[in-house]
Amino acid sequence: MDVPQIKKAAKVYDVVIVGSGAGGGMAAYQLSKAGATVALLEAGGYFDPADPKYINQLKWPYESPRRGAGTTRAFGDFDAAWGGWEIEGEPYSAVKGTEFHWFRSRMLGGRTNHWGRISLRMGPDDFKRRSLTGIGEDWPIGYEDLSPYYDKVDDLIGVFGSKEGLRDAPDGRFLPPPKMRLHEIMIKKAGKSIGVPVIPSRLSILTKPIHDRGGCFYCSQCGRACQAYADFSSSSVLCIPAVKTGRVTLINGAMCREVLTDSKTGLANGVSYVDVPTMTEQSVMGKVVVLAASTCETARLLLNSKSARFSNGLANSSGVVGKYLNDSTGASRGAFIPALMDRKRYNEDGVGGAHVYSPWWLDNKKLDFPRGYHIEYGGGMGMPMYGFGFGMEGRNSLVPGRDGKPKEAGGYGASLKDDFRRFYGANIGMAGRGEPVPLESNYCEIDPNTVDKYGIPTLRFNYKWADAEIRQAKHMQDTFEEIIHAMGGIPLGKKPGPETNYGLEAPGKIIHEIGTARMGNDPKNSVLNKYSQAHDVKNLFIVDAAAFPSQGDKNVTWTILANSWRTSDYIIDQVKQKNI
Amino acid sequence: MKRRDSLKAITLSSLGFAGMNPQIAAAESITPPDVKPLKVPGGRQKFEAERDAKLNADKFFTPHELKTVTILGDIIIPADAKSGSASQAGTPAFIEFMMKDQPQWQTPIRGGLRWLDNVCMKRFDKKFADCLKAQQIEIIDEIAYPAKAKPEMSQGVAFFNSMRGLVATGFFTSKMGIADLGYVGNTPNQWEGVPADVLKQYNLSYEE
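Chains A and B are the protein sequences, given in the same order.
Heads up, the first sequence is in this note's numbering, so the first residue is 1 and it goes up one at a time.
Heads up, the second sequence is in this note's numbering, so the first residue is 1001 and it goes up one at a time.
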C-alpha cells in the first residue's frame, strides 16, 4: 500500500468556506445557488438529523444507560451536539484569574445542533450603542441594512412569533406561535401584574410545514435534532440542500490550520487543513475564502495564518483580531408553584423550548447598569430524565401532605413515592440572557506554549466580567423573585448574592460569544468593513459572529444568518463587477 | 458482509486445508478470542458506544453492597397500589452503572454503605442487610429526615439524600416509573393548548 502523500489539490474552487454552522451553511447555500463552486470544510463528521444512524429523537430515558445524564454530552445523552466545552486533544487555556469556557460542536451544522432555536432580530438601537449610550461601539450598518435579510431568513428557514410592534424586538415574518402551556399562562398573568411583558417566543420551529420540510409534531426535543427537519439546523436546512446543487464539495474531518495567501498579491488563495481520518496535511485552493469556523475558531485561524507579509496574523494590521470577545450574560433561578401540585396529566410537550419569553422592558438610563436582558422560561410536565427526584428533601415540607398535616422534609416509602407524583410538573425555571459591554481587555490570543493534537497552536483566553454585567445579574435575580412571588411561588435554594456575582454564569457558558474580528468603518480599530470583508485582504470574508461589534440581548443566530446572506450577496456582486 | 460473518467464512474456507496441515488444524481447534464487533447504536458516537460497552462489562458493587443498595432502594420506593418497587424497576442496576459512568459517586456511596454497616454493627452487631426490618427502619428514620436528624448522624443524612435522589431518578426514568408518574408525551401529536377543563380548574383563559 502506498503511504499517503501530501498533495495539493489541483482544483481551484470559486469559494472555500471554513465551517458548516449557521454562517458557513448560509454562505454555502447562497453562493452555490448563485452558481459558484464551493468547497465546504467542516472539522467534524457528517450529520443528517433524518438518518437513523444519528437519531435520538423520541427515545425514552431508559434507552440510555445513564437515563439521559450529561456524562459525555454536556446537555444530556440525547443532545444532538458532539463535542462540548472539553474535547480530547483540543485544549485551550485562560490567563490566571480569568475564565472562558469554549463550547465546540465538531459535526456538520456545528453549533446549530445545540441551541434553543431562539431566533431574535437585533433592534435598531442595538446597532448604535456608542452613539446612544457613550459606551461600546456602533456597527457600520444599521437595522435597515439587515432588515430585508432578516425577512428573507424568516421566509427561507421559518420562525414563529407574534406581531407586537416593539421597537427593541422587531417583528418578523412569523409562522403562528403555539399556544401557551399552563405555567406559561400563569407567568404571563404574574408578569402583567408587575409590569414585565410576557409574549410568544420567537423560535425557528415549523408550526406549519414550509418548503419541503415537515411540520412540528410537538415532541419538545429540538435539542436532539429533528428527523422531520421541522426546526432549523444548518445541516438539514442549508448544508444538505447546498450539497444537492452539485456545486458544493463537502469535506468533513477538515481541521483547518491556516488561511493560505499569495505572497505577491497578499490575497487569500486557499486553506490548509489536517484531514482528521488520515491525519495527513492537505490544502484546498479557492478564489475567495469565507471563514465561519465560530467566533473563537475564526480568530484562532487568522492569528495562526502568519506569513512574512502578515506577521501579526492575517487581516490583523489593526491588532484587533481576538479582542472584544463577549458572551451573553446569564443567570437563573428555579421555583416551586404550590398551585401546580396534583396536576391533571396530559401531553404538554409542545415545541422544544418555552412558548413565551420576556423581551427587555426597562430603560437603562434609569438603572445602574447600561444594557438590557430578556428572560427565558422553563417548566411543565416534561419527560423525566436523569436528575429527576433529586433534592426532594428541600421541597416536600414546603406544603402540607395530602392529609392536610405538615410534612417532615425528606423521608422514604409510600408517602415519599406519592410526593414525587404530587410535585411533578409544579416547578418552573427562569433564565436571563443579557447584553454585555464588549471590552478590548476581554480577548483570546495564541497560547505561546501549547498546540492541539493536530499540532495547531491553541487559544488562550483572557476574560473577566465587569461591574456592568454583575449589576445586570443582580437585577435579574430581583426580577426573578418578583415574578415568582407574583405567581404565589416559592423560590428554590438560596438567592444568589454578591459572593457568586448574583449567579452570573462564567464567560462562555451561554455559548453566545461574538466579536473577535469585528466590522467597522475604521481599519485601525476593526478587522472587517461593513460587508464583513477583511480591510486588509479583499477576497477574505467572515460570516460568523466574530464579525459583530455587539450582540444586544438577542441570541445571535438569526443575525449570523442574515449577515451571512448579505455578505454572500455582496460577494456575488463583487465577483460580477470583477472587483474580486 | 458483517465482520462476524466474514470471520466465520475464513474459518470455513480454511477447513479444507486442515487435514493437510496439522498446525492449522491445531490453530482452528483453539477457541478464537471474543472479537464480536461493537455495534454502534443509532444516535451514539463510536467512542460513546465503546465506553458504554466497557462500563457494562465492569463491576463496581460487591454482592454485599448491591444487596444493601437493593434493600435501601425498596425502602425508599416500595411497591404500592399503583406500581412496583425500585428493584422491580431495575433501579439497582442503574445505580451500579452510574457509579462507573460518573466515578465521583463512588466514594460517597461506597463509603456511605460502609458508614451504614458500621452504625448497625455498633447497635445491632449485624450489618444493615442482615438486620431485622424493624432495626433497618430504626436507623433509616434517623437519617431520612434532615431537619430533625441528630448531628452525629449528619454523614448518614448526606448519604441518604444521595440515595434518595439516585433511587428516585432510577425509578421514575424507568418504564414503570414513567407510567406511574403519568408522563404521556414523547409521541407525535398536535399541541392545541391547555385542555378546557384544566383552564377552568385554574380559572384561566387564553383571552386576557
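Think of the hints as simulated: they come from the structure by calculation, not from any bench.
Predicted model only: the values in this text are computed from it and were never measured.
Note that CB positions come from ideal geometry on N, CA and C, so glycine has one too.
Keep in mind that a hint or two might mislead.
Cβ-Cβ distance ranges computed for the label pairs, FRET-style [to be verified]:
1. E88(A) <-> T1107(B): 50 to 58 Å
2. G497(A) <-> L1199(B): 37 to 45 Å
3. N1056(B) <-> I572(A): 47 to 55 Å
4. I572(A) <-> K1175(B): 38 to 46 Å
5. K494(A) <-> L1199(B): 29 to 37 Å
When the alpha-carbon atoms are kept at most 30 Å apart in a straight line, the in silico DSS-like pairs for lysine-lysine are as follows [to be verified]:
6. K53(A) <-> K1200(B)
7. K1054(B) <-> K53(A)
8. K306(A) <-> K96(A)
9. K1082(B) <-> K405(A)
10. K189(A) <-> K1054(B)
11. K453(A) <-> K1175(B)
12. K453(A) <-> K1046(B)
13. K344(A) <-> K1200(B)
14. K495(A) <-> K1046(B)
15. K464(A) <-> K474(A)
16. K59(A) <-> K1175(B)
17. K1200(B) <-> K405(A)
18. K1133(B) <-> K1122(B)
19. K33(A) <-> K474(A)
These are the hints, each one checked on the structure:
| no. | hint | result |
| --- | --- | --- |
| 1 | E88(A) <-> T1107(B): 50 to 58 Å | violated (25 Å) |
| 2 | G497(A) <-> L1199(B): 37 to 45 Å | holds (38 Å) |
| 3 | N1056(B) <-> I572(A): 47 to 55 Å | holds (54 Å) |
| 4 | I572(A) <-> K1175(B): 38 to 46 Å | violated (55 Å) |
| 5 | K494(A) <-> L1199(B): 29 to 37 Å | holds (35 Å) |
| 6 | K53(A) <-> K1200(B) | violated (45 Å) |
| 7 | K1054(B) <-> K53(A) | holds (21 Å) |
| 8 | K306(A) <-> K96(A) | holds (27 Å) |
| 9 | K1082(B) <-> K405(A) | holds (23 Å) |
| 10 | K189(A) <-> K1054(B) | violated (51 Å) |
| 11 | K453(A) <-> K1175(B) | violated (42 Å) |
| 12 | K453(A) <-> K1046(B) | holds (19 Å) |
| 13 | K344(A) <-> K1200(B) | holds (12 Å) |
| 14 | K495(A) <-> K1046(B) | violated (42 Å) |
| 15 | K464(A) <-> K474(A) | holds (17 Å) |
| 16 | K59(A) <-> K1175(B) | holds (12 Å) |
| 17 | K1200(B) <-> K405(A) | holds (27 Å) |
| 18 | K1133(B) <-> K1122(B) | holds (17 Å) |
| 19 | K33(A) <-> K474(A) | violated (48 Å) |
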